[in-house]
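Colleague: So the protein sequences, as listed, match chains A and B.
In our numbering, each residue carries its 1-based index in the first sequence increased by 592.
In our numbering, each residue carries its 1-based index in the second sequence increased by 18.
Errors might be hidden in some of the hints.
To be verified - The calculated lysine to aspartate or glutamate pairs, modelled on EDC-like cross-linking and capped at a C-alpha distance of 16 Å, are: (1) K39(B) x D125(B); (2) K1246(A) x D1317(A); (3) K77(B) x E109(B); (4) K73(B) x E1184(A); (5) K77(B) x E598(A); (6) K81(B) x E642(A); (7) K73(B) x D1199(A); (8) K39(B) x E88(B); (9) K1118(A) x D1331(A); (10) K81(B) x E1184(A); (11) K77(B) x D1192(A); (12) K73(B) x E642(A); (13) K73(B) x D1192(A); (14) K1246(A) x D1157(A); (15) K1246(A) x D1331(A); (16) K73(B) x D645(A).
These are calculated hints, taken from the structure and not from any lab test.
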Amino acid sequence: MAIIGEWIRRLGYLLRRGAREDDLRQEMEAHRAEMGEPPAFGNTLRLREEARDAWGWRWLDDLVQDTRFAWRTLLHSPGFALTAIVTLALGIGVNIGMFSLINGLLLRPLYAGADAVVEVDSDSTTPFGGGRDFSYPNYRDLQEGTTDIFESMAAYSTGFVGLDAGDRPRRALASAATANYFEVFGAPPAHGRPFTMEEERPGAAIRVVIISYPLWEQLGAGPDTLGRLVRINGEQFAVVGVARQGFAGTSIPGPEVWLPLGAYETFTMKSGAGRALGAREAHELDVVGRLRPGISDETAEVALATIGRRLEQAFPAVNAGYSLDMSRPSMRLMFMPGAGRGSFAGLAVLLMLMPVIVLLVACLNLANLLLARGHVRRQELAVRSSLGGGRSRLIRQLLTEGLLLALAGGAVGLLLSTWAARTLLASLRPLLPVAVSLPDVSLDWRVLLGMMAFSLIATLVFSAGPALALTGRVAATDLKRDFSSGGDDGRRRGGLRIGNVLVIGQIALSLLLLASGGLFMMSAIKATMADPGFRLDGGLIVEVDPALAGYDEARGRQAHLALVDRLPTVPGVEAVTIGSGFPFTGFEDSREVARAGAADAQSTSVDAVFTVIGRDYARVLGLPMVGGRDFSAAELTPGAGARVAIIDDVLAEKLWPGEDPLGRLIQFLDAEGPEARQPILVIGVMPAVNHSLGNPRPYPHVYVPLGHHYESAMTLQLRVAGHVDEGPMLGTIARVVRDVDGRLPVLGVATWRGHLDAGLNLLIYRAGASVFSAFGGIALLLAVLGVYGVKSYVVSRRTREFGIRIAIGAHPRALLWQVLREGGRITAIGIAIGLVLALGAGQVLQGILYGVSSIEPVVLAAAPLILLAASLLASYIPALRATRVDPTVALRAN
Amino acid sequence: MPRDTGLPPGTLMMLVLRVLKTQPLHGYAIAQRIHLLSGEELRVEEGSLYPALQKLLIKGWVKAAWRASESGRQVREYRITPGGRRQLDAEVAEYRRMASAIDVLLDEA
Chain A
593 MAIIGEWIRR LGYLLRRGAR EDDLRQEMEA HRAEMGEPPA FGNTLRLREE ARDAWGWRWL
653 DDLVQDTRFA WRTLLHSPGF ALTAIVTLAL GIGVNIGMFS LINGLLLRPL YAGADAVVEV
713 DSDSTTPFGG GRDFSYPNYR DLQEGTTDIF ESMAAYSTGF VGLDAGDRPR RALASAATAN
773 YFEVFGAPPA HGRPFTMEEE RPGAAIRVVI ISYPLWEQLG AGPDTLGRLV RINGEQFAVV
833 GVARQGFAGT SIPGPEVWLP LGAYETFTMK SGAGRALGAR EAHELDVVGR LRPGISDETA
893 EVALATIGRR LEQAFPAVNA GYSLDMSRPS MRLMFMPGAG RGSFAGLAVL LMLMPVIVLL
953 VACLNLANLL LARGHVRRQE LAVRSSLGGG RSRLIRQLLT EGLLLALAGG AVGLLLSTWA
1013 ARTLLASLRP LLPVAVSLPD VSLDWRVLLG MMAFSLIATL VFSAGPALAL TGRVAATDLK
1073 RDFSSGGDDG RRRGGLRIGN VLVIGQIALS LLLLASGGLF MMSAIKATMA DPGFRLDGGL
1133 IVEVDPALAG YDEARGRQAH LALVDRLPTV PGVEAVTIGS GFPFTGFEDS REVARAGAAD
1193 AQSTSVDAVF TVIGRDYARV LGLPMVGGRD FSAAELTPGA GARVAIIDDV LAEKLWPGED
1253 PLGRLIQFLD AEGPEARQPI LVIGVMPAVN HSLGNPRPYP HVYVPLGHHY ESAMTLQLRV
1313 AGHVDEGPML GTIARVVRDV DGRLPVLGVA TWRGHLDAGL NLLIYRAGAS VFSAFGGIAL
1373 LLAVLGVYGV KSYVVSRRTR EFGIRIAIGA HPRALLWQVL REGGRITAIG IAIGLVLALG
1433 AGQVLQGILY GVSSIEPVVL AAAPLILLAA SLLASYIPAL RATRVDPTVA LRAN
Chain B
19 MPRDTGLPPG TLMMLVLRVL KTQPLHGYAI AQRIHLLSGE ELRVEEGSLY PALQKLLIKG
79 WVKAAWRASE SGRQVREYRI TPGGRRQLDA EVAEYRRMAS AIDVLLDEA
């Protein structure tokens, strides 16, 4: 307690220190007056300071004083300050930029009180399914049976719908959710109301919708948005609510619209057909719950296991093997299947490593600058030391100066990074296949804290070393030495050697980043030129999805066929086909294919890309059939032909190695509905196509005719005549498609090459190449500045030596070569170390990159050459200055 | 740097508390009183007195207030607090114990 009283008094002193210091001064004056003998009292100022120090605020005074002094010092050398701040802004800026992206994606909680929200999972009983979902009746029983464990529990299902919010139908992510969905996440709608129980009831089909905050803003953010109608899968829905800003459910990107569970039929487009939502066996829903306060995970898991067993006993037919468990909702990044929050953390560390290396280069650079500057400031330091400035005090002063620079650099870097992160995200947006609300990368306390941390770490890295080095050897003799020009002494040489080491480090690290960037770039180029297995030139692609306009299967098929009939009549178009997928698009359906009737069907089945195609698919893609025939007209018509399929030779080789697959039977092990387990006759064999860059080896493919399977989202493939340039035809094709059916949602018209270039498959290589190259470029710039700084410093130090040598007849070219040779030697050592680092990085990147070996000769040759050239250029300017030293001026200077 | 008073460390604070125990005094008077009461044996340097007074203020063992002296001059008078009295008693007891122990040792040896 005494300690607390003491601190209160100390704080009180700090708050009224002006008055308290006046007290001290006056009472000492009074003391002196009574003594009547001034000299005995000594230095009153010093005595007063000593008395004041008892209060323990000296460090604060020192800090204020150091900051003021540092501020003045920096104002006196604006060139140095500016260089340092820009260097730090680059170094810290790239770190904050990357950090704010990671923060937006991974660190920010998705919703308030996220710890209490859990996902309820059930184990799978089928060999190919993931976790089994919940049917609505199972969900209701679960909810009613666990009210003592869960405060609230909600069910939802997420998928794509066609959304027409006034412009034209497009694909959008949507969730159908129960009434208390928003309550579970602790995120009631920002405007309007949540769904009602009446709207939740299966089959209710009350068409109301809650829209996401970004969509609300897109619609004008007005009060009249509530009650407005938007079209979802062709039906009119009334907006009754707006979700809270930043709320994205359990995924990034989050849904754009939420429908009540009662409108599930519109949501899934499975009107009438299949299983109704109210059926106990329709396992379609995900379940989340908010735990009651104080309920431990163990208690909840026991309760879930109990109710799971009860559900299994009550409905053994549909709930066989029902075992319930729970987990924290992982933030699932859409479009990166299987990439949960956890597995993404490793990537985050890797991503964070690059900017940290850039910051390291920036710090080495600054350390060098400070060291060079310190030699100039040596006299100042010697004076201060001789006037009683202790070493620790001098070090503190130098560190304060560094911190001031780092914070200034950090602040500028913060501005740079916010802009950079926004630009990066904005550039990603058009590449994504659907319009989504992307994570918020704006400033928050985490980013600010990150900036502070980066600045502090940077300060320690770049200014601690020089501060120790400079204050360690301050000697009285330094007072007498004239540091303003020339003079050679061993100590300074030592400092320079440190400088050289720092430059070597910078060059090595820059080479590491440059070579990594080069590898990414090589891989992006190779990926662009990757051979998909067919000729890319002369092809066009049209993506349509009739379901987005509410077309059912019959009307959808009509729309598809109308286009297949009309498009070949466009002048220049040679052939047209239709298919449910296209290589390199990133989305693909697949089936588990086995030999029909084989005893070992389960163990020998092959996962194959599943594509629904029309006639002439092989011909349009320029893939000559290896054997067999194309689909017949009957097979393309629903319900008409026999069940047939075309497989590619990769699949054929896996199922019947070395044998003729024609006339054999296959079956799909994981198919549902009428497709399930029926034998399918193989009537043709196509050559392999590469479906994805991630798999350098061709993946097995199976093709079925239009008649056997309906897929709403289809692509039309057009082959243009040999002499026609396909690019200019895009406009014509788009117009023709509109003429055929004005309501048909057209998701894209592109050349094959353009389509692949914009695909997700390339995105990651492109992004990697540009990010690594940008980091490499910044590091290169910093390293070159470092070389230039050191060389300039050396030359200015040796002005006198050069002057003498010129005076006694040295050839300027000899001096030029000497300076260049010294610069070259440092660079060569740096490059040698950097090459070793780059080889190591190559080993790591090899696993990620497409078609690039870790010892990529081009990259390993180009990166050192770029560095060498830049570094020689950086030494050339100071070297030239050395040759222009005027001997008379140089000699007179001392 | 505290001046060398010739006193064992910490003793000065005890002496100040002791002279303040009888009556409130200002800085110069404290130094005078210690000088006189010690038979002019101890001289308190001003450079030691004021830091010591600041420490006593921090500890809350004395309070200070401005007052007009008999001569009409404004003086800052220090007054011992109840906490200060307890501290003084404790320190005096401790000092006596130490001193007698040292005495015994010196006599025996």
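Colleague: Determine for every hint whether it applies to the structure shown.
Modeller: Comparing the hints with the structure gives:
1. A threshold of 16 Å between alpha carbons decides the hint, and for K39(B) with D125(B) the separation of about 33 Å lies outside it, so the pair is violated.
2. Between K1246(A) and D1317(A) the CA atoms are separated by roughly 39 Å; this puts the pair beyond 16 Å, and the hint is violated.
3. Distance check on the hinted pair: K77(B) and E109(B) sit about 14 Å apart at the alpha-carbon level, within 16 Å; holds.
4. This hinted pair does not check out: K73(B) and E1184(A) have alpha carbons roughly 84 Å apart, beyond 16 Å.
5. Between K77(B) and E598(A) the CA atoms are separated by roughly 6 Å; this keeps the pair inside 16 Å, and the hint holds.
6. Restraint check for K81(B) and E642(A): the C-alpha separation of about 20 Å exceeds 16 Å, so the hint is violated.
7. Between K73(B) and D1199(A) the alpha-carbon distance is near 82 Å, which puts this suggested pair outside the 16 Å criterion.
8. Taking the CA atoms of K39(B) and E88(B), the gap is about 20 Å. The hint is violated against a cut of 16 Å.
9. The straight-line distance between the Cα atoms of K1118(A) and D1331(A) is roughly 39 Å, outside the 16 Å bound, and the hint therefore fails.
10. Using a Cα cut-off of 16 Å, the hinted pair K81(B) and E1184(A) is violated, with the two alpha carbons roughly 89 Å apart.
11. Of the supplied pair hints, the one linking K77(B) and D1192(A) is violated, its CA atoms being roughly 88 Å apart against a limit of 16 Å.
12. Pair hint K73(B) plus E642(A) holds up; C-alpha atoms about 11 Å apart against a cutoff of 16 Å.
13. At roughly 91 Å between alpha-carbon atoms, K73(B) and D1192(A) are farther apart than 16 Å, so this suggested pair is violated.
14. Of the pairs offered as hints, the one joining K1246(A) and D1157(A) is violated, with about 36 Å between alpha carbons and a cut-off of 16 Å exceeded.
15. This hinted pair does not check out: K1246(A) and D1331(A) have alpha carbons roughly 45 Å apart, beyond 16 Å.
16. At roughly 10 Å between alpha-carbon atoms, K73(B) and D645(A) fall within 16 Å of each other, so this suggested pair holds.
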